[in-house]
Amino acid sequence: MEATVARRVTYAPQSAQDVIRMEQIRKVYDTGKVKVEALRGIDLLIGKGEFVAIVGPSGSGKSTLMNLVGCLDTPTSGSYLLGGTSVGTLDRNQLAEVRNKRVGFVFQSFNLLPQITAFENIEMPLLFGQVGKRQRQERVKELLNRVGLADRGEHRPTELSGGQMQRVAIARALSMDPDVLLADEPTGNLDTSSGGDIMGLFEELWSQGRTVLVITHDPALAKRAGRVVEVRDGIIVSDTAA
Amino acid sequence: MRLGLIAQLFLRSSRVQRKRAVLTISAIAWGSVSLLLLLSFGEGLRRQLSVGTVGMGKDIAVIWPGATGKAYKGLPPGREIKVVIDDIELLRARMPEAQVSGEIQTGRASIVWGKKTVNGRLRGVWADYEDIRNNFPREGGRFLDPLDVQFKRRVIFLGNEMAKDIFGDARPEGQTLLLNGLPYTVVGVMKKKIQMGTYSGPDAGQAAIPISTFKSQFGRERISVILVKPHEPARMKDALAHLAEILGGKYSFDPKDTRALGTWDTVENQKTTRNVLLGIQIFLGVVGGLTLLIGGIGVANIMYAVVKERTREIGVKMALGARASWITGPLVLEGMTYTFVGGLIGLVISILIITLLGLIPTEGNEALEFLGKPVLSMTVGLASAGILGLIGILAAYFPARRAARVDPAQTLRYE
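In order, the protein sequences belong to chains P and Y.
Sequential numbering from 9 applies to the first sequence in the working numbering.
Sequential numbering from 176 applies to the second sequence in the working numbering.
Hints should not be assumed to be uniformly reliable.
[Said to hold, decoys possible] Residues from chain Y that face chain P, not an exhaustive set, calculated with beta carbons under 8 Å:
1) Leu180
2) Gln183
3) Glu488
4) Gly496
5) Ala497
Worth flagging that the hints you see were computed from the coordinates, not collected in a lab.
The C-beta atom is built at its ideal place from N, Cα and C for all residues, glycine as well.
Could you put together the complete structure from these sequences and hints?
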């Protein structure tokens with residue numbers, strides 16, 4: 009707990025460098041009869057270039073937190089600045105644009121579109137970002153190289169291994185050069201060795217200055233991050249630098 | 176760019192389930208065929224009926240001089256009004272707004288050619304009867320002309336049925352026959368026509384001679400029927416009032432006396448017929464449209480299934496930054512494609528069926544002749560396209576709206 013306080017103090021003056029700045033975020037799911045309070049006042053600052061692991065047992069609210077960080081959902085109350093933009097006041101189309109340009113998602117189950125090639129999967133956010141055709145192709149080639157799949161561009165996801173699929177997903181997440189890379193249990197569906205590769209890739213990206221936010225159960229994974237935030241019962245219970 | 180993007184996304188969306196797509200497209204094609212055929216039959220019927228109703232003459236009025244129904248200027252009711260040949264000339268001179276003609280009828284014409292004798296109806300007429308009453312000659316002959324009337328020529332124009340009765344397979348034009356004992360030359364035979372209105376039997380079974388010749392031979396000059404065709408059909412009522420005024424002045428009867436002149440205004444009748452036909456067409460359109468609607472529900476159904484199957488895909492796209500319209504656009508396009516392809520197939524099948532029906536001979540079969548041939552007109556095509564388009568949009572819109580409501584946070588949660 010002391011570390012949390014310390015960090016806040018450390019980061020507050022550098023707010024211009026904050027990629028994520030959440031203050032008193034609350035999220036209540038109203039299911040009609042029952043109101044479930046998933047997040048009960050989250051304060052979270054994540055600076056540019058940090059590698060943060062968010063850990064916590066299931067039901068702790070970390071998925072909700074991830075959805076809010078990724079602008080897939082909006083908080084019930086509190087303020088959230090993503091890269092300096094207040095997200096709470098945006099409409100659906102603006103939120104779509106924020107997701108497109110500022111957030112790169114990596115999912116546990118990869119979520120690649122099965123009917124199109126790896127190349128086209130990586131190209132998808134560029135299409136939504138209305139990037140020109142030539143630039144798109146250059147960017148996708150560069151990303152395929154970056155994740156070591158230069159020769160797999162024309163393969164469909166079903167023709168790739170789990171680790172390869174996740175690397176395609178990471179390339180896709182990076183395509184629009186987002187402010188933050190958001191990964192939800194990225195190694196959850198992988199064997200140990202592929203999982204290790206993926207973590208290595210995240211570390212590499214971190215070392216190149218990327219901001220990475222990983223949600224995980226896996227203590228081994230959390231250990232490799234620069235900072236671990238533990239969520240329990242909708243609040244942050246610890247925030248420690250590794 | 177936006178439309179291009181939607182087209183691009185459409186091409187990249189999940190592969191269509193072929194069997195389901197085929198079934199859906201068939202349903203739309205079937206619906207389109209029903210709609211198109213029903214409307215085409217309606218159109219064919221309409222054309223046939225309109226041809227039939229004007230078979231007697233387009234936009235004409237038929238007037239029977241009768242007996243007065245009211246006392247007028249000291250004269251008692253019940254006086255017969257006798258209109259004569261010269262009165263037609265008077266009306267022509269005084270009524271520049273209309274074509275005026277008339278005829279004298281007799282049911283006692285005995286026509287002899289060789290060993291064949293036929294008794295039938297005969298009319299004494301002017302040359303303009305041809306246009307007013309649609310008595311057009313078939314190839315190889317002519318109608319009576321003004322010189323025939325002027326010189327009281329003994330020439331005769333035969334209805335096609337009557338000509339067949341007398342001459343069988345022989346060629347009537349140019350033949351000489353005996354009409355009540357006097358020789359007449361056949362100048363023409365009427366071209367076959369569909370005639371639904373008649374006042375003294377169909378024209379096909381009658382013969383016509385110049386009115387001057389008629390007067391000489393039968394010693395009659397009292398007009399049986401006056402015919403009026405205004406230059407502007409809409410002003411028929413005015414023309415009839417004018418005519419009653421002229422004759423009323425000459426024969427001293429109240430121009431508003433409806434019994435002095437019995438009138439059949441076909442313009443009025445055609446209006447009613449048109450409305451009835453429009454009603455029939457709307458009814459057929461509704462029946463066809465409902466059939467097509469079932470096809471549309473099929474499309475909506477398949478699109479709902481597609482949305483359901485692709486919920487995860489939709490969620491992923493939303494997470495990657497797709498706007499709602501970029502999700503719904505390709506779906507609407509997909510639904511519209513089913514509808515469009517189905518409609519196109521339906522159109523091709525309909526054209527085939529209508530062409531084949533056109534090849535079936537209806538000659539001699541009265542029921543078929545009357546029903547007419549289905550006609551795929553521009554109006555039918557446009558109406559069908561409109562209904563099809565509307566159904567297509569509705570069938571695609573509602574499922575797409577559901578897709579737009581997909582909550583990405585919900586769908587992307589763990590498997």
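Here is how each hint holds up against the structure:
no.: 1; hint: Leu180; verdict: holds, 6 Å
no.: 2; hint: Gln183; verdict: holds, 7 Å
no.: 3; hint: Glu488; verdict: holds, 6 Å
no.: 4; hint: Gly496; verdict: holds, 2 Å
no.: 5; hint: Ala497; verdict: holds, 5 Å
Checked against the numbered hints above, the structure violates none of them.
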